[in-house]
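J.: Spelled out, the chains give:
There are 2 protein chains.
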Amino acid sequence: MQSGSVGFVTPQSMRFEEPLGLASGARIADYELCYETYGSLNAARDNAVLICHALNASHHVAGRYADRPEQVGWWDNMVGPGRPVDTRRFFVIGVNNLGSCFGSTGPMSTSPTTGRPYGASFPVVTVEDWVDAQARLADRLGIRRFAAVMGGSLGAMQALSWTIQYPERIGHCVAIAITPRLSAQNIAFNDVARAAIHSDPDFHGGDYYSKGVVPKAGLRVARMIGHITYLSDDAMAEKFGRSLRTPDYAFGYGAEFEVESYLRYQGDKFSEYFDANTYLLITRALDYFDPAAAHGNDLSEALAAARARFLVVSFTSDWRFSPERSREIVKALLDNRRDVSYAEIDAPHGHDAFLLDDPRYHALVRAYFDGVFERL
Amino acid sequence: MQSGSVGFVTPQSMRFEEPLGLASGARIADYELCYETYGSLNAARDNAVLICHALNASHHVAGRYADRPEQVGWWDNMVGPGRPVDTRRFFVIGVNNLGSCFGSTGPMSTSPTTGRPYGASFPVVTVEDWVDAQARLADRLGIRRFAAVMGGSLGAMQALSWTIQYPERIGHCVAIAITPRLSAQNIAFNDVARAAIHSDPDFHGGDYYSKGVVPKAGLRVARMIGHITYLSDDAMAEKFGRSLRTPDYAFGYGAEFEVESYLRYQGDKFSEYFDANTYLLITRALDYFDPAAAHGNDLSEALAAARARFLVVSFTSDWRFSPERSREIVKALLDNRRDVSYAEIDAPHGHDAFLLDDPRYHALVRAYFDGVFERL
Numbered sequence: 001m002q003s004g005s006v007g008f009v010t011p012q013s014m015r016f017e018e019p020l021g022l023a024s025g026a027r028i029a030d031y032e033l034c035y036e037t038y039g040s041l042n043a044a045r046d047n048a049v050l051i052c053h054a055l056n057a058s059h060h061v062a063g064r065y066a067d068r069p070e071q072v073g074w075w076d077n078m079v080g081p082g083r084p085v086d087t088r089r090f091f092v093i094g095v096n097n098l099g100s101c102f103g104s105t106g107p108m109s110t111s112p113t114t115g116r117p118y119g120a121s122f123p124v125v126t127v128e129d130w131v132d133a134q135a136r137l138a139d140r141l142g143i144r145r146f147a148a149v150m151g152g153s154l155g156a157m158q159a160l161s162w163t164i165q166y167p168e169r170i171g172h173c174v175a176i177a178i179t180p181r182l183s184a185q186n187i188a189f190n191d192v193a194r195a196a197i198h199s200d201p202d203f204h205g206g207d208y209y210s211k212g213v214v215p216k217a218g219l220r221v222a223r224m225i226g227h228i229t230y231l232s233d234d235a236m237a238e239k240f241g242r243s244l245r246t247p248d249y250a251f252g253y254g255a256e257f258e259v260e261s262y263l264r265y266q267g268d269k270f271s272e273y274f275d276a277n278t279y280l281l282i283t284r285a286l287d288y289f290d291p292a293a294a295h296g297n298d299l300s301e302a303l304a305a306a307r308a309r310f311l312v313v314s315f316t317s318d319w320r321f322s323p324e325r326s327r328e329i330v331k332a333l334l335d336n337r338r339d340v341s342y343a344e345i346d347a348p349h350g351h352d353a354f355l356l357d358d359p360r361y362h363a364l365v366r367a368y369f370d371g372v373f374e375r376l
Numbered sequence: 001m002q003s004g005s006v007g008f009v010t011p012q013s014m015r016f017e018e019p020l021g022l023a024s025g026a027r028i029a030d031y032e033l034c035y036e037t038y039g040s041l042n043a044a045r046d047n048a049v050l051i052c053h054a055l056n057a058s059h060h061v062a063g064r065y066a067d068r069p070e071q072v073g074w075w076d077n078m079v080g081p082g083r084p085v086d087t088r089r090f091f092v093i094g095v096n097n098l099g100s101c102f103g104s105t106g107p108m109s110t111s112p113t114t115g116r117p118y119g120a121s122f123p124v125v126t127v128e129d130w131v132d133a134q135a136r137l138a139d140r141l142g143i144r145r146f147a148a149v150m151g152g153s154l155g156a157m158q159a160l161s162w163t164i165q166y167p168e169r170i171g172h173c174v175a176i177a178i179t180p181r182l183s184a185q186n187i188a189f190n191d192v193a194r195a196a197i198h199s200d201p202d203f204h205g206g207d208y209y210s211k212g213v214v215p216k217a218g219l220r221v222a223r224m225i226g227h228i229t230y231l232s233d234d235a236m237a238e239k240f241g242r243s244l245r246t247p248d249y250a251f252g253y254g255a256e257f258e259v260e261s262y263l264r265y266q267g268d269k270f271s272e273y274f275d276a277n278t279y280l281l282i283t284r285a286l287d288y289f290d291p292a293a294a295h296g297n298d299l300s301e302a303l304a305a306a307r308a309r310f311l312v313v314s315f316t317s318d319w320r321f322s323p324e325r326s327r328e329i330v331k332a333l334l335d336n337r338r339d340v341s342y343a344e345i346d347a348p349h350g351h352d353a354f355l356l357d358d359p360r361y362h363a364l365v366r367a368y369f370d371g372v373f374e375r376l
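Protein sequences, first through last, are from chains A and B. Sequential numbering from 1 applies to the first sequence in the numbering used here. Sequential numbering from 1 applies to the second sequence in the numbering used here.
Just to be clear, a hint being listed does not mean it is correct.
[To be verified] In silico SDA-like pairs for lysine to any residue, Cα to Cα no more than 20 Å straight-line:
1. 269(B) - 55(B)
2. 239(A) - 290(B)
3. 239(B) - 297(A)
4. 216(A) - 205(B)
5. 216(B) - 204(A)
6. 216(B) - 307(A)
7. 216(A) - 55(B)
8. 216(A) - 253(B)
9. 239(B) - 293(A)
10. 216(B) - 234(B)
Everything labelled a hint here was simulated from the structure, so no lab data went into it.
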């Protein structure tokens, strides 16, 4: 099968005037969501697939922008004509979540109350809030029910939450590299990343926009920490080992090891485009996600309402959200006699594997989507 | 067997006037080493045991100070009368390494050249440099040969290096929670910690002493990162889980989770007493340690000169320096037909396990030391 890119795409935006009540009790008076679509909604309106993004991604899932052709969508290898999520059959939607920094309303946006950027006053949003906002977008696009909601990592949490919050509106949940809740270690890494941002003097308590600065140094450290947790020890050993960029030790603190150079570069790049308040907010949404908590920590009970069919995929070398965590979800679904396919892909790349085009992984997702309509 | 503390101890200090040549090519003109001793050197002068410290510890291995009784030695559970390293039989020495911040000459010390603190001008020292300095201390104490040199983590690297640098001067090498070289992931964590310190505006390029400030925020983040890597995921789950300190989510960035509170407290405490330049320097010494590098990355060749007997201990849940890394050393020693005892302790605490008094681990070290004289 010939597979290709969706080609040039154009982001769209939709404004919502009805206030959105949040899990925190706060409300967002009105807001905008940026999104992209690929493929066409069929007449029955039953071929829509929602792709949810993780920490640092956006609505730009596939394709390129005509004016910035280097900006390829973050899951371009997964979504396109002939790709595992085939845009010749599916109408695929990517949406930038509330609180993010790629066009949807977030901390950088102007607060209608003050006329200045929200900054620190932007409310902490949750996975459940995002799903609610996504459901409203679906309403406006005339999609009563998604053929599938899909995501990796934090995106997979949203897909899972769809099955609990809107069980009648989702046919299939495709959850990749997921955990049903962060571990203490996961939370710890998030908290250190936030500490780095909070202690950057350019953070100004979150209201840095008016100061003409951004807390780049803090964001850089935060990203470096995060990046380590996305890669496996083995993948880093394979990619960098102890290779030096200098002929020998320089007895200083420059980027002597290749791995230092790589991480610093990633951190620098990230700090150029990502918003620090968004980083705080999205890591907190990660910390808070825990659907079992409202059910006495019983995940099976939390998933009792789910009606969707499930594909759950984990990666052996993912030490951030290990296969064990996926298996907790699979077990809870089986307790509820849900239809669930589960695969543990023997891949060396760690958590990041969900973004890579491992052929077994992609073949599996392709095969699953091939059968989506038969089992809607 | 009744076991106890060595009781009140008094640190000592020794000044060295002969310059010490370093691996970097730099020299330290004259310097001081702080040390403590427990037990008595016997007439044959063959019962001395050197204990080497890791990143954040010091010469204060055992006992208490009369004026600061809360400051218990960092390996007090291991060293004392009736303890695994029994001070009724052994003359035990703890020494603060060059470049550290607990009394030995380091970045906080006054440079004889400038009359001001060394700060950034203090040279980067290596594990090999520390061993050289320790050997000089041994000379001055009249110890030609140690019955054993022992350490955990970075301390174990020094013990291992003794067997290569001074093969005739060490009877037994007791290396706990060791690796023969840092992995790319290990280096990455160190580099992020250093990035946090370097980006603290109170760092002033390392010359903060004269500014009346210390880069506490950076040091705090560095310590938080380090701390996560010392504990296992399971140990953190067991100790903290997702327990909240608040009745419910507060939708903010305070220390809501117990694990956040713990980590922040540890970071704060550390930043009160540890020197940032020392943190940089010691993490670099960790990065650089790689005895195989000078032998075409052949660890067996690197250890060919060793004459000591070995006890190597690893802990199953140590993901920083995993048992696999210890096994590399054991294999290299067996290649050289060295006498090596190896134990993998099934302990849940991660890298930090080497400091805890797991009964199987302590029984093993005790049994090994019981037989030290028979196999000297």
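J.: Taking the hints in turn, state whether each one holds.
T.: Hint check:
no.: 1; hint: 269(B) - 55(B); verdict: holds, 15 Å
no.: 2; hint: 239(A) - 290(B); verdict: holds, 19 Å
no.: 3; hint: 239(B) - 297(A); verdict: holds, 17 Å
no.: 4; hint: 216(A) - 205(B); verdict: holds, 18 Å
no.: 5; hint: 216(B) - 204(A); verdict: holds, 18 Å
no.: 6; hint: 216(B) - 307(A); verdict: violated, 52 Å
no.: 7; hint: 216(A) - 55(B); verdict: violated, 28 Å
no.: 8; hint: 216(A) - 253(B); verdict: holds, 19 Å
no.: 9; hint: 239(B) - 293(A); verdict: holds, 18 Å
no.: 10; hint: 216(B) - 234(B); verdict: violated, 29 Å
Violated hints for the displayed structure, listed by number in ascending order: 6, 7 and 10.
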